[in-house]
Amino acid sequence: MGSILDTHIWVWWVHGDERLTSPQAAILRANETDVIVIIAISIWEIAKLVEYHRLELPSPLRAWFDEALSYPGMRLIELTPEIAIASTQLSGKFHRDPADQIIVATARFYDCPLVTSDARTLKYPYVKSVA
Numbered sequence: 000m001g002s003i004l005d006t007h008i009w010v011w012w013v014h015g016d017e018r019l020t021s022p023q024a025a026i027l028r029a030n031e032t033d034v035i036v037i038i039a040i041s042i043w044e045i046a047k048l049v050e051y052h053r054l055e056l057p058s059p060l061r062a063w064f065d066e067a068l069s070y071p072g073m074r075l076i077e078l079t080p081e082i083a084i085a086s087t088q089l090s091g092k093f094h095r096d097p098a099d100q101i102i103v104a105t106a107r108f109y110d111c112p113l114v115t116s117d118a119r120t121l122k123y124p125y126v127k128s129v130a
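To convert, note that position 13 of the sequence shown is 12 in numbering that gives the first Met the number 0; the numbers rise steadily by one, no gaps.
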């Protein structure tokens, strides 16, 4: 399996946002021919951000998701019972955001790098991350 994208990285990538770092952009380009993993919780997280007016998309949610999930190499993975349980038993100290806990637990479960710019996640020593 390729790299797992944190929710904000997925949005930035789809929107061509300049906040993507050079290493993040390089990983995305390289994995377009392999696998770029989106976790189902990211769909919920984006929908909630739109609901709370913290994110504005250029199209309705369903249309945005259809397009964003059709990118080359894109693979959507479901939340499994094993990952849900693992997200509540992360090693060391990790913050309490449930979406981030699931994303980190998924990266650990599949032993994949997590592409993120989240400072709290980058400080977490028990997941491979790319800033």
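Check each hint, because a few of them may be wrong.
Below are the DSSO-like pairs computed for lysine-lysine, each with C-alpha atoms no more than 27 Å apart in a straight line [unchecked claim]: (1) LYS92 - LYS47; (2) LYS92 - LYS127; (3) LYS47 - LYS122; (4) LYS92 - LYS122.
Derived by calculation from the structure, the hints in this document are not laboratory data.
- Hint check, failures only: Structure breaks no hint.
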